[in-house]
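**Q** Chain by chain, the residues:
Protein chains: 2
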Amino acid sequence: MEAYVTLVTSSNYVAGASVLAHSLRLSGTRRSLVVLHTRALAHDSLKQLHEVFDRVVCVEELNSNDTASLALLGRPELGVTFTKLQVWNLLEYSKCVFIDADAYVLKNVDDLFAREELSAAPDVGWPDCFNSGVFVFVPSKTTFQQLLAFASQVGSFDGGDQGLLNQFFTTWVSDPSRRLPFTYNMTSNASYGYRPAFARFKDDIKIVHFAGAQKPWVGIPQSLRGTDAGALYERWWRLNEN
Amino acid sequence: MEAYVTLVTSSNYVAGASVLAHSLRLSGTRRSLVVLHTRALAHDSLKQLHEVFDRVVCVEELNSNDTASLALLGRPELGVTFTKLQVWNLLEYSKCVFIDADAYVLKNVDDLFAREELSAAPDVGWPDCFNSGVFVFVPSKTTFQQLLAFASQVGSFDGGDQGLLNQFFTTWVSDPSRRLPFTYNMTSNASYGYRPAFARFKDDIKIVHFAGAQKPWVGIPQSLRGTDAGALYERWWRLNEN
Ligand SMILES: O=c1ccn([C@@H]2O[C@H](COP(=O)(O)OP(=O)(O)O)[C@@H](O)[C@H]2O)c(=O)[nH]1
Ligand SMILES: O=c1ccn([C@@H]2O[C@H](COP(=O)(O)OP(=O)(O)O)[C@@H](O)[C@H]2O)c(=O)[nH]1
Ligand SMILES: [Mn+2]
Ligand SMILES: [Mn+2]
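Sequence order for the protein chains is A and B.
Residues in the first sequence are numbered from 0 upward in steps of one, following numbering that gives the first Met the number 0.
Residues in the second sequence are numbered from 0 upward in steps of one, following numbering that gives the first Met the number 0.
Since the hints were made in silico from the structure, they are not lab data.
Computed from a predicted model, the values in this text were never measured in an experiment.
Here a beta-carbon is modelled for each residue, glycine too, at the ideal position from N, C-alpha and C.
Don't take each hint at face value.
Output of the computed footprint for chain A on chain B, the stretches with three or more beta carbons under 8 Å from beta carbons of chain A [stated by the list, open to error]: (1) 63 to 77; (2) 186 to 192; (3) 196 to 204; (4) 213 to 224.
Required output: the full structure, derived from the provided sequences and hints.
**A** Below, the structure is given as structure tokens:
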């Protein structure tokens with residue numbers, strides 16, 4: 000059995016997870032939709048998740064508590080993303096695709112299940128690292144325990160799950176078949192080469208990911224109104240309303 | 000014979016080209032240092048270039064004149080970068096490494112001459128495209144003529160050399176051996192994953208490239224003082240003074 004998996008550790012990401020689930024249904028996938036959550040979620044939030052996901056699984060929160068690295072990232076709240084490691088405990092699935100709750104799909108991406116662990120797309124900050132908002136993985140108790148041991152012994156260079164997973168899954172760099180096209184995890188960015196490339200490749204985009212501090216549920220950033228990036232936010236809102 | 004090649008189409012890039020040449024000498028390379036320039040350069044500028052380059056070659060200016068695409072890029076002045084195509088006319092060399100005049104090397108990069116045409120590093124705006132600030136190429140009259148024909152028939156999706164070269168050299172995407180590590184063309188950027196990755200990988204950086212509007216010779220941007228990115232500008236200034 001195979002599944003799409005996401006994570007919600009705080010109620011503000013519930014709307015994001017719901018939009019993601021909704022977009023996956025629209026993509027026509029037959030795979031299970033699974034959401035992991037922590038005890039931080041109130042009854043109302045859980046009810047919302049039950050409406051759109053096939054399975055809602057409570058897991059224990061994990062936190063890097065690495066304030067120094069998180070300060071470099073400018074995102075003190077991301078220590079909690081270590082909870083993402085819990086996805087390796089979904090042993091009832093033979094293979095899964097993890098997608099961040101701040102992302103949605105524009106097209107069917109079931110072809111990802113043909114990829115090996117750990118497949119992911121490059122990060123725009125440092126493209127020799129992968130972005131951990133979308134990745135293919137194989138649940139395994141052993142891998143989970145190795146990840147935990149690695150987290151406590153080596154740590155994460157950015158204090159979040161992305162630094163940790165990049166340091167652990169070093170085959171991503173050496174094996175090109177594990178490098179997903181950027182269109183599978185398209186993060187808008189301020190580098191000036193982005194806009195013309197977006198205009199050229201936008202019809203190929205499969206997953207839109209709002210990495211960074213400007214989450215769509217907070218609103219459409221004023222500075223992005225009328226731009227390509229702004230249109231991605233508007234689309235999130237249309238998915239949220241339906 | 001092999002060479003490092005750069006380009007200067009306007010006098011404001013002369014200081015950049017000189018710093019690049021200086022940094023290449025410091026890297027201990029024995030390859031020739033070649034600069035192409037257009038007739039736009041005054042006698043003073045040419046004199047400066049002759050002091051640091053082994054060869055100073057005058058070429059005809061080429062311009063995309065594609066104002067619509069360049070507007071998307073926010074860099075109207077980059078139509079002139081089509082002049083970069085002239086490097087394929089350096090037929091006396093068997094292989095070359097092109098480096099933009101707004102870049103400098105921190106370490107010896109002669110290993111690049113073992114790479115095939117067209118090898119380049121990913122662009123931070125859209126990492127499935129390469130950044131055309133650093134690339135390995137093989138001079139060839141045929142390639143030059145094909146590039147010119149392609150430029151007039153197909154054009155460039157960003158109005159500059161980068162869009163054109165990406166559309167022409169499609170093997171870059173399909174052949175992983177042509178993908179240089181990001182450390183061979185490290186462009187600082189505002190994506191928030193950049194800072195922790197920079198802190199982790201900074202000792203591996205081989206070429207620093209000031210892609211974008213904030214060129215080092217204009218000054219150190221106020222907002223970058225005291226940051227990692229700011230230190231890269233300071234280093235440029237030290238190279239400029241010596
Ligand atoms: O307060 C938080 C922070 C993170 N997450 C989960 O962890 C993922 C990674 O965090 P985020 O997307 O904010 O990181 P970014 O993509 O901006 O680096 C989110 O998508 C959520 O699935 C969450 O539920 N609550
Ligand atoms: O006015 C100009 C614009 C460009 N160039 C040359 O073309 C290269 C590419 O332009 P630039 O580096 O400004 O583009 P970016 O790297 O910012 O995309 C420069 O490094 C120079 O070698 C130049 O000499 N004068
Ligand atoms: Mn995210
Ligand atoms: Mn440049």
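**Q** A separate judgement is required for each hint: does it hold in the structure or not?
**A** Verification of the supplied hints:
1. Residues of the stretch 63 to 77 of chain B with a Cβ under 8 Å from some Cβ of chain A number 5, which satisfies the need for three, so the listed coverage holds.
2. For the stretch 186 to 192 of chain B, the stated coverage by chain A is satisfied: 6 residues place a CB nearer than 8 Å to a CB of that chain, which reaches the threshold of 3.
3. Here the stretch 196 to 204 of chain B counts 5 residues with a CB under 8 Å from a CB of chain A, which clears the bar of 3, and the coverage holds.
4. With 0 residues having a beta carbon nearer than 8 Å to a beta carbon of chain A, the stretch 213 to 224 of chain B misses the requirement of three or more and the stated coverage is violated.
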